[in-house]
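A.B. asks: The primary structure of each chain is shown beneath.
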Amino acid sequence: MLRLSRTARLMLISVVCLILLFMYVPLFVLILNSFNESQISGWPIRGFSTKWWEFARTYKPIRDALLNSVLVASGSVIIASILGTLVAFAMKGFTFFGKGTVNILVVLPIALPGVVTGVAFSNTYSNFLSPTGFNIGYFGMIVAHATFCIVMVFNNVFARLRRMNPNLQEASADLGAGLWQTFRLVTFPQFRTSFAAGALLAFALSFDEVVVTIFTAPPGIDTLPLWILKEVGRPNQASVVNVVATVVIVLSLVPVYISQRLARAQENEN
Amino acid sequence: MSDTSMSRQRRPISSYLLRRPKVRLLGLLALPMTWIVGVYILSLFLLLVTAFWNVDPFTSLVSPAFNLENFRLIFTNSAYIATSIRTLFIALAVTTVCVVFAVPLGIFMAKIASPRLRNALAVAITLPLWAGYLVKVIAMRLVFTEEGFFNWLMAPLGIRGPGFSIPIVILTLTYLWFPYMALPVYTAIRQIPPILFDASSDMGAKGFVTVYRVVLPLIVPAIIAGSVFTFSLSLGDYLAARFTGGSTQMIGSIIAANINLNPPVAAAYSMVPITFVVIYLMVARRTGSLERM
Chain B
3 MLRLSRTARL MLISVVCLIL LFMYVPLFVL ILNSFNESQI SGWPIRGFST
53 KWWEFARTYK PIRDALLNSV LVASGSVIIA SILGTLVAFA MKGFTFFGKG
103 TVNILVVLPI ALPGVVTGVA FSNTYSNFLS PTGFNIGYFG MIVAHATFCI
153 VMVFNNVFAR LRRMNPNLQE ASADLGAGLW QTFRLVTFPQ FRTSFAAGAL
203 LAFALSFDEV VVTIFTAPPG IDTLPLWILK EVGRPNQASV VNVVATVVIV
253 LSLVPVYISQ RLARAQENEN
Chain Z
44 MSDTSMSRQR RPISSYLLRR PKVRLLGLLA LPMTWIVGVY ILSLFLLLVT
94 AFWNVDPFTS LVSPAFNLEN FRLIFTNSAY IATSIRTLFI ALAVTTVCVV
144 FAVPLGIFMA KIASPRLRNA LAVAITLPLW AGYLVKVIAM RLVFTEEGFF
194 NWLMAPLGIR GPGFSIPIVI LTLTYLWFPY MALPVYTAIR QIPPILFDAS
244 SDMGAKGFVT VYRVVLPLIV PAIIAGSVFT FSLSLGDYLA ARFTGGSTQM
294 IGSIIAANIN LNPPVAAAYS MVPITFVVIY LMVARRTGSL ERM
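In order, the protein sequences belong to chains B and Z. So the working numbering is basically just the index in the first sequence, starting at one, shifted up by 2. So the working numbering is basically just the index in the second sequence, starting at one, shifted up by 43.
Possibly wrong hints are sitting among the right ones.
Rough simulated footprint, nothing fancy, chain B against chain Z, three-plus residues with beta-carbon under 8 Å [stated by the list, open to error]:
(1) 120-131
(2) 138-149
(3) 199-212
(4) 250-263
(5) 269-283
(6) 300-313
(7) 316-328
Reference listing, derived: stretches of chain Z covered by chain B, where coverage requires no fewer than 3 residues with Cβ under 8 Å from a Cβ of chain B [stated by the list, open to error]:
(8) 88-96
(9) 153-167
If you're looking for bench data, these hints aren't it; they were derived computationally from the structure. Cβ atoms here follow ideal geometry from the backbone N, Cα and C, with glycine treated the same way.
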């Protein structure tokens, strides 16, 4: 056992409490400020009011931004799920020259700073594609998001494939099933929870992304984080930002809950 | 036998592919590699190319050229150099603060807390990761603003916060990335065999000596793995500086400010964080810590 004196223990406990306060107090300050009657956020809260919630509920720019976020995240997840799964199968079933490079290529979009990825896409879109008359517009965001989401699906599916029994696929082939039939009836059911978990992470990543989005969003189009970003700078409606941020915090609990359920389902499968 | 031969005839594509693994591999990799190389790597390459280009002073459009002017600017202009150094300092400071808090937290969770408390703490540390990047930045902004929570809390003691400045940027980035350090450090401490603690204690080592001479050397790989996140993520960040840093500028601030006005300069300056991150990854790789990630 680790022998610690009383004072050492007390010090450790106070450090842990300090960390917890540091992690949660800002979030609570934010949530409580969404009920602040005043336009200017601060502490202590001047008066309790739900007027910013009422305001946010019907405010069109927020709804549009939310819709855009969902659209972009869904589009990127669909692309990233297909590409990530394909790479996972290649990395699992084969040894080939340049395997390490493929691995790095998949991780790179998330390993490099977001500002670099964003600037790279923005530069390609506006200085190379636009001059040739091709305007990528809305799809530019989805392309960028899909690129850094691939790794999420890849990681999850690959981890599962590594633990799968390859004999089942061979057995299926021996019994006369085609590759597609084997995939549909034998392979996919074995990794679908990991696939769903990866897709969920990718969705959350895209939904939360802001830096790459700043550089790739077409003018006049806001995702939810972009809308928050624009509003924080303005002094007028600061409290409504806190409402949206609170909604984001609450929404973030949904994937946590689902991923817990998926993790349990995965344990049962093994 | 006749069954398989029949199905072979029925599924010509499958049997063709089954006999040719190389074609299968090509089929699997074609689409994803076309996407990543054709979209992402090409964009990075074009960014590098743009770094050598000019902005036409009359049309303010980017025009192809080959000059090193942009690179000369970022390596000789004192504002660019100062920003690079400041950003590097902030990223290292964030990493240090994360380590300083992650180690006692990990020791408490792994060695002192009851299993129940341990699990609760693990959840409590992971949960904010999901809460949204921008949400956390504006939460910190609310805490440290002039009329904010921190100044209110400290008012009875006569203390006022520093206002939006570099220390608050470091704190905000720590707030954002702390779980990436805390979780691997905690996992590593849990994996230390209990016998080592007994042995250290039997030989008369007190708690701090054990932590310093047994625990720390064993968790270095985890600290390096965590630092890859805290360091690279801080290095590329600029929204924390924008919202909690007052006039503090980081590398990202300057890249973002230039991307529309002067894309070649933005492109050239983008090579600085890429270089820092690659060097850091290579050093981390040499220590063999990345295999654990």
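A.B. asks: Within the assertion that chain B covers the region 316-328 of chain Z, do at least three residues meet a Cβ-to-Cβ distance smaller than 8 Å?
C.D. replies: holds (count 4)
A.B. asks: Examine the region 300-313 of chain Z for residues whose CB is less than 8 Å from any CB of chain B, and state whether their number is three or more.
C.D. replies: holds (count 5)
A.B. asks: At least three residues with a C-beta closer than 8 Å to a C-beta of chain B: is that true for the region 138-149 of chain Z?
C.D. replies: n = 3 at 8 Å, threshold three: holds.
A.B. asks: Please check whether the region 199-212 of chain Z has three or more residues whose CB lies within less than 8 Å of a CB on chain B.
C.D. replies: The restraint on the region 199-212 of chain Z is violated, since only 0 of its residues have a Cβ under 8 Å from chain B and three are required.
A.B. asks: Counting residues of the region 88-96 of chain Z whose CB is closer than 8 Å to a CB in chain B, do you get three or more?
C.D. replies: holds (count 3)
A.B. asks: Are at least 3 residues of the region 153-167 of chain Z within less than 8 Å of chain B when you compare beta carbons?
C.D. replies: The restraint on the region 153-167 of chain Z holds, since 4 of its residues have a Cβ under 8 Å from chain B and three suffice.
A.B. asks: Go check the region 120-131 of chain Z versus chain B for me, would you? Three or more residues, Cβ under 8 Å, otherwise it fails.
C.D. replies: Answer violated; 0 residues pass the 8 Å Cβ test.
A.B. asks: Please verify the coverage claim for the region 269-283 of chain Z: does it have three or more residues whose C-beta sits within 8 Å of some C-beta in chain B?
C.D. replies: That given contact holds, which follows from 7 residues of the region 269-283 of chain Z lying within Cβ reach (below 8 Å) of chain B.
A.B. asks: Against chain B, does the region 250-263 of chain Z show at least 3 residues with beta-carbon separation below 8 Å?
C.D. replies: holds (count 4)
Checked against the numbered hints given earlier, this structure breaks hints 1 and 3; the rest are met.
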